[in-house]
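S.K.: Sequence:
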Amino acid sequence: MNGTLESFASFLALPDQDKRDVFEAAASRIDTLPSYVEKDLWVCLVLEALYNRLPDGHPRLFFKGGTSLSKACGLIRRFSEDIDLVVSRDDLGFAGASDPTVSAGLSKNKREALFDQLGVACSEYVLGDLATELATLMNHTVEGCRVSPDEDDNDRQTLLIEYPTQYRSSEGAYVAPRVKIEAGARSALDPTLDCAVTPLVADELHDWSLEVGSIRVIAPERTYW
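Heads up, my numbering is the position in the sequence shown plus 122, with the first residue counted as 1.
Where hints are given, some of them may not hold.
Per label pair, the in silico range of CB-to-CB distance [unchecked claim]: (1) N261 - A226: 41 to 51 angstroms; (2) D213 - A257: 16 to 26 angstroms; (3) D143 - E246: 38 to 48 angstroms.
Calculated from the structure, these hints are not laboratory results.
Backbone N, C-alpha and C fix where the C-beta goes; we use that ideal spot for every residue, glycine too.
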């Protein structure tokens, strides 16, 4: 196999029954549902797109939250579902005196105004350039993906990536066939570390290149603060 994204694409191009066989073998090995294993693969694929396939010029993205503690750090046992991201404030144009989280001497009104402006900038990036690039990357990888804003997020900083599933709601416990990217720009960014993740099916696919590296993760000690 070539690169990681190409390996994901090659696997997803297999006949449906072959994919189901792999998902079900992994599910049996770790005692979970095949639909969970399928979603875990899609979480890893989205992380590959976010950290290794976006073109130069995109703001830096930092992975945080429960899925990062589980997939990237191995500190908790949790099903991979949502991807929580912090968008670099510096890269959105809010460095130094424009950063409402660190600037000393700001009045309350000025700080609140900067936070509002930061939220707008983050929303415009997530629903604009990021959504557009992800839609292109995902649909070049496999047909049938849909990237859309989460209309339930009043801050308009969340994307939903719907994927073609092998498991419908009539087949046991239902897992929504979508990966949610919940972004924001207000959280602390230090300390960070570089991590890698692999999908649960990696043990069934020994000869496939499925490790996703170069993921910038908010360090666990920061998540627990």
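S.K.: Looking back at the numbered hints, which does the structure fail to meet, lowest number first?
M.R.: The structure breaks none of the hints.
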